[in-house]
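With the hints as your guide, set chain B with the ligand onto chain A.
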Amino acid sequence: MVSRDLVIVGGGPAGMAAAVSAYENGVKDILVLERDQYLGGILNQCVHTGFGLEYFKEILTGPEYAERFIEKVTRVPEIEVSLKSFVVHLAKDKTLTYIKPGKLETVRPKALIMATGCREKTREMVHIPGTRPAGIFSAGLAQKLINIEGLLPGKEVVIVGSGDIGLIMARRFTLEGAKVNAVVEIQKQSRGLLRNVVQCLEDFEIPLYFSHKIAKIYGKDRVEMVDIVKVDEQFNEVAGSQFRIACDTILVSVGLIPENELIEMAGVELDKNTNSPVSDEVNETSIPGIFVCGNSFKVYDLVDSVTKDSVIAGRIAAEYLRSLK
Amino acid sequence: MLYDVVIIGGGIVGTSIARELSRYNLRIALLEKETELAFGVSKSNSGIIHPGTQNPPGSLKGCLCVQGNTLMRKLSKELGFDFKEVGELIVAFTEEEIARLRQLKKEAEALGVPRTRIVDGRWLKAHEPNLSGKALVALYAPTAGIVSPYRVAYDLAENAGRNGVEIRTHTRVEGIAPAGLFQFEVATSSGIFKTRYLINSAGLHADDVARMAGIDDFTVRPRKGEEFLLDKKRHYLTNHVIFPLPTKISKGVLVIKTSDGNPMIGPTAEDISDKEDLSTSDAGLAKVLTEARKLVPSIDENDIIAYFAGLRPVAGDDFIIRHEDKVPGLVTVAGIQSPGLTSAPAIALMVAGILKKKGLALKKKLLFHKKRKHAIHLFEIPLSRTKKLIKKDAGYGEIVCRCEMVSAKEVRDAICHGAKTMDGIKFRTRAQAGRCHGSFCTTRIMKILAEETKKQVTEVTKRGRGSELVKEDRANG
Ligand SMILES: Cc1cc2nc3c(=O)[nH]c(=O)nc-3n(C[C@H](O)[C@H](O)[C@H](O)COP(=O)(O)OP(=O)(O)OC[C@H]3O[C@@H](n4cnc5c(N)ncnc54)[C@H](O)[C@@H]3O)c2cc1C
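In the order they appear, the protein sequences are chains A and B.
Going by our numbering, the first residue of the first sequence is number -18, and it counts up by one from there.
Going by our numbering, the first residue of the second sequence is number 463, and it counts up by one from there.
None of these hints come from the bench; they were simulated from the model.
Incorrect hints may have been included.
Stated by the list, open to error - DSS-like cross-link-like pairs, simulated, lysine-lysine; straight-line CA separation at most 27 Å:
(1) B/LYS933 / A/LYS136
(2) A/LYS136 / A/LYS211
(3) B/LYS933 / A/LYS160
(4) B/LYS849 / A/LYS81
(5) B/LYS710 / B/LYS749
Claimed, not checked - Derived CB-CB ranges, DEER-like:
(6) A/GLU262 / B/ASP855: 41 to 47 Å
(7) B/ARG847 / A/GLU262: 35 to 41 Å
(8) B/ASP855 / A/ASP74: 27 to 33 Å
(9) A/PRO188 / B/ASN764: 54 to 60 Å
(10) A/VAL263 / B/ASN764: 45 to 51 Å
(11) B/LYS909 / A/THR30: 27 to 33 Å
(12) A/GLU35 / B/ASN764: 53 to 59 Å
(13) B/THR532 / A/ASP261: 56 to 62 Å
(14) A/ARG56 / B/ASN938: 52 to 58 Å
(15) B/ASP855 / A/VAL263: 42 to 48 Å
(16) B/LYS854 / A/ASP252: 54 to 60 Å
(17) A/ASP74 / B/ARG847: 21 to 27 Å
(18) B/ILE734 / A/ASP252: 22 to 28 Å
(19) B/GLY642 / A/ILE226: 51 to 57 Å
Just so we're clear, the structure is a prediction, and the values are computed from it rather than from any experiment.
Just so you know, even glycine gets a beta-carbon here, dropped at the ideal spot from N, CA and C.
Here chain A stands alone, though its shape is the one from the complex (with noise of 0.2 Å):
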């Protein structure tokens, strides 16, 4: 078994910014295990600007905020990085078992941070009642479809939900020649940025139904339409308030959940309802030498504020090695 002073879990914006913290806080002897092709995770498919404001002061696309970060990365030969690297078992005592082609290997850092992100609630999760036929998305993998893999999952849609990625979805699909027909959100308001409302819903006049939600699906192979009804305070439904859309697609975008499952196999005490790890400082785990940052610790609104919190998991892991000699 390979001993590292520092494996980091993910080579997204977090992950990254991690890595390349915690090598100029000293740290000598990195691995970086991603499972993707590719360094920049789910910023690969966000071609859409906003990114960096606040931490660049510029105003970049995804792909554009995930290269500043690369470059740094490449550029250290310090920074070992892993790619189609996929991370399978983690034990308590960090040992790590991940998965390439062709290899299965095993690694034991002295310490680890984890930048594993989120993935987003799925239909399930908010059990929307209904048939189970195609045509249902989460948003997120609706983005990859388009974006990455240049297909159009539907053209008539609903989305279910308004985070972020929802909003933005809504205008890809509408530049993309398809219909929103509705924007679905059982909250009084959004949970998405402003700017994404007025930008992705307003300026291409998508309705969106506050305190509403999906009360039916239809459809046998493909969706058919949907049932939508109005909601109280309470989030139970209002008696006669119910209306039909038709459409062949419904995005889901209900919101992210930190990915855990990995330091959750460890041991590490999770907040069962956040998916978050309990701890008192940010960025620590109840076992000593985990750490977590970017989206797996807390899920953010910008990604400038992922990279800001993984550059103090970075400091805080090299801290941790050095209190170790």
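Same frame as chain A, but now just chain B with the ligand:
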């Protein structure tokens, strides 16, 4: 060409019959209307191989269930699917329920269910720590097992195919014309099949098929069951399959172990009229959660990662398995509600017996391929074995599904073994079945499926024509 036997319906019953008959020198075709096998009732059930409890003494389903439980173990060894003998507990909470439990035990013994016993509260605390503290005693039936129902059907069909049965998917039976004694012309969406014997194992549509042949003395009514799957992380929730005492129409809401590790809660039991209605409801969820929590109070709604509904094909209280004397050569296998999965291998034997009695010569093949190689699933083998596999084939090192740890090689194997759709791949490999619901792996799997089947990605479907995943390919026109 004249077939000896045509089987209508490729669910667990049809595939079991096909595999059983494939031992003999017969020309057999199995016709299934869907794009893949087991997309009917057999894909959405609890996956329990029942020991035989909760069946009325003297019932056909009770006898076949007890026999099926034994046969399923043998099949699992021959075909290489997973069978875990986890045992079941039927839990009593009141003195009155204890009395009913004793009655159940007696009935089970009469049916020949082996080794049942009543276990007390102490035993329950030790062996099932998450069970409600209010549970007084339970009836323990150690022979209950769990399987992956669709994988059993796929393995049966594949083995039947290897032994010469023609498996025709996308072939809907539309008309049956008796062409003399022991002569049928079966009209389908892909041509006419002539056969001497005809088996109707069309599940929910067995009555529609029967009517085509002039049999109209039974009706199949759908009884819906909604089920909710929990995250694999909670695999430790229970050690056995946990039942309340049965109601008049069903076994009640259970806490189930599934063969892939996810706990499952359900099913509901609701008589409906539409045989296509597979929708789930808020009411169903509320009921299942309430009932399941009576058994295991710590069940957390946040752990639900998937749900589905299945329709039990109900035609009276018992199975209908018989030769139709009015239409010589026609065998009806209808009303196969629970425990139909368990009973399927025994039903197949019974059908073979009926055919023999009605004059079909069952002559054993010289060479019958009894065995099938176990499919590899990384999620069920130790990492040390994975390591060796990856050295042999790099495809095992390319993980496509992050939640369930499924490799590109497993996906390709599934396609090679008959998967034609995204759901077909899901049922065979579990890719897309985890907590992220395919957000991560959908694009990867679509590409593999298109590549292996030499299709455009726009032609990739969820479960057959009409369920294409995407509408247009902007990049390639
Ligand atoms: C919620 C639920 C839970 C259950 N749990 C259990 C359990 O734990 N244990 C157990 O033992 N049993 C269980 N069962 C029962 C079990 O699932 C069924 O008994 C079994 O799957 C029935 O199999 P089948 O082959 O008869 O039906 P199906 O799987 O429906 O097969 C019939 C096939 O016929 C095809 N077909 C229909 N019409 C035509 C046509 N015209 N032409 C060509 N093909 C046609 C259909 O497409 C279908 O594939 C459960 C059932 C439900 C609903």
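Flag every earlier hint the structure violates by its number, smallest first. Structure breaks hints 9, 10, 12, 14, 16 and 18.
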